[in-house]
Amino acid sequence: MSHETSGGPTPPLASSFFLGREQLAGLSLIGFGLFALYASADLPFFTQGGVGSGLMPRSLAVLIVFLGIVQLVLTWRQPAESTGRWPIRDMMPVLIGIFLFAVTIRGFDFGAFRIPVLGMLVATPLSIICSGLAAKDVRPVELTIFAITLTAICIGLFRYALAQPLPVAPWLIGY
Amino acid sequence: MMDVFYNLGLGFAVALTLKNVFFCFVGCLIGTLVGVLPGVGPVATISILLPVTLALDPTGALIMLAGIYYGAQYGGSTTAILVNIPGEATAVVTAIDGHEMAKQGKAGVALGLAAIGSFIAGTIATIVIAALGVPMTKMGLLFGPTEYFSLMVMGLVFAVVLAHGSLTKAVAMILVGVLLSCVGADMETGRERMSFGLHMLTDGIEFVVLAMGIFGFAEIFKNLADPEKRDLVKGSIGRLWPTLRELRENIGAILRGTGIGAILGVLPGNGAILGPFASYAAEKRISKRPQDFGKGVPQAVSGPESANNAGAQTSFIPLLTLGLPPNAVMALMVGAMMIQGIVPGPQVIDRNPELFWGLIASMWIGNLMLVIINLPLIGLWVKLLSVPYRLLFPAIVAFCCIGLFSISNDAAQVMMAGVLGLVGFALYKLQFEAAPLALGFVLGRLLEEKLRQALIISDGSMMTFVSSPLSAFLLAIGAVALCFAVLPSIRKSREDVFKDA
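Chains as they are written, first to last, in numbering that gives the first Met the number 0: chain A, 0 to 174; chain B, 0 to 500.
Hints may contain errors.
As the list claims (entries may be wrong) - Pairwise CB distance ranges, derived in the manner of DEER restraints:
id, chain 1, residue 1, chain 2, residue 2, range
1, A, Ser58, B, Leu383, 40 to 50 Å
2, B, Ser407, A, Leu132, 23 to 33 Å
3, B, Leu140, A, Gly83, 27 to 37 Å
4, A, Lys135, B, Ser286, 37 to 47 Å
5, A, Leu62, B, Ile456, 18 to 28 Å
6, B, Asp56, A, Leu62, 22 to 32 Å
7, B, Ser286, A, Ile152, 44 to 54 Å
8, B, Gly8, A, Phe34, 52 to 62 Å
9, A, Tyr174, B, Leu141, 50 to 60 Å
10, A, Ile172, B, Val370, 43 to 53 Å
11, B, Leu141, A, Gly83, 48 to 58 Å
12, B, His198, A, Ala151, 26 to 36 Å
Claimed, not checked - Which stretches of chain A does chain B cover? Using the computed rule of at least three CB atoms under 8 Å from a CB of chain B, they are:
id, stretch
13, 31-42
14, 80-90
15, 97-103
16, 108-115
17, 119-127
18, 142-148
Unchecked claim - Some but not every residue of chain B turned toward chain A, in silico, with C-beta under 8 Å:
id, residue
19, Leu178
20, Ile219
21, Ala224
22, Ala410
23, Met414
24, Gln430
25, Leu450
26, Ala471
27, Ala475
28, Ala478
Hints listed in this document are in silico derivations from the structure and should not be mistaken for laboratory results.
Don't be surprised by glycine CBs; every beta carbon is placed ideally from N, CA and C.
Bound-form chain A, shown alone:
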């Protein structure tokens, strides 16, 4: 689907000081490749038996850096096209929803305090309600009712119908 939304021309940036999408793409490739080189620096290229565990990662990293440079060179003179909006704030509720699910489903130890095993009964509605707040046309009551219904369906489906060993609510019913 990306070619539908991304195919159209995006307006050039007002100032040429900012990097355009294509140049940014090249720089990210170089950055990623260098990071991979750093991460695989301790791996041997060759061993006595033949190929070492570093051959693939390190040669790939070098190639990626090279492609990043090619991308930069090819697009350096192109007008800088904007990448459009990065509405991270609109996306935050979804990320927090995922995070809340992760820390509540089987508990999590933060060091300073720990979350007990709350299970599906808490984690599922929490993630639904929190991520649902990301919608611009959110209706809180509808969302809450929906979350409760869907939680019941999920527990019925995954725990009972499909017999997955997921914690439901150990603090309430013991499993």
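Based on the hints, put chain B in the right spot on chain A.
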């Protein structure tokens, strides 16, 4: 030739048992459901259901998962025609003329032609798989590590050629995918690579986590950032069954679409997605009234719809005969086979004939079921489409979280997928395609394994890849394809296939 019928007979005997018919039905039903709902794809669904299949027998599990994949192709067209947004990436083209037809009150005919075209395509593709199964397997048995490595390199080159947009970016995405597959314990020495001592990276990045991150969550971020306009057709759908005359006018497009889709589906990477585009371009080129395309031409619906269904099915060929997954869904199928203790490859046809032929036969049965599920029950699917996105995406988040957690009962995987979702969003913003990355990741481990084996056999000499005639031949094809892709004239026509649509 007789062997094919004998084998298909065995297949039908397996697929027609009550249990397997039931699994096939469940798969097709779930497939249609996720196909109809935009934003939930077969990749996420199969990932979620993967742990569940552990309790089933291998044949039933694969029949169900396959049903989800080709069922989604059927369901995707319903959304494309009625709402003008593709339910699946493969239905992008269908939305163009299909929705126009719907606006003219011919939604029913568009849906009917799509379903009949898909059924014909499914029938032919089933025969193609059955006919190619044995010879391809025999070829696969001739392959040593050297040849396998070269075959995969050739496949990845094809994936680049078939990807749209910048070649540099497509190559880079494949390499990034292969690189990511190297994370985790070295398969020979057990030494940890690039894991930074993180526990969740010790066994490498789970494919399901990567797929749900860069396809599932990233899709939600994408929709929140740039909402798609929904435009559900109100009013009646009209008659579903096309007249005999309409059928006659479309049968050419259906057969051409089937042919194009079947060939492209075997190729790795974008093959299955490119099929509908290529079919649309072909129909437009041979049409007497190309200027009408985009205004509701039936052939522009029946052709591409046949192509995507044929492609979805023939993409099973490399997996079943050579053990090489050509796309993300097939990679999940590898996972499904592995947890059942079946190693995909040319030996499957001999060791598990009931699985091999049962799966193929079930595809035809599934296609028949899909026509029945889709046409008379169309009202039900339309109702489903009125579920607003503000409720749909929280539900997807919850399902994905549960699915991610149940991979290994590890909450870290859920968080990692969330972070990968952001990465996927950045890729979308920088116009990198995620599909080549997933393919590189899928083939990465196999690629390294075969490279190492080949170099051990050859005592470390790289010459082994050109001194083996078969391997040299495969690499040469890849090199030629790459040269063609770089040539300006071919590049232009490659872009045109997408531009036309």
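### Numbers of the earlier hints that this structure fails to satisfy, in rising order
3, 6, 16, 26, 27 and 28
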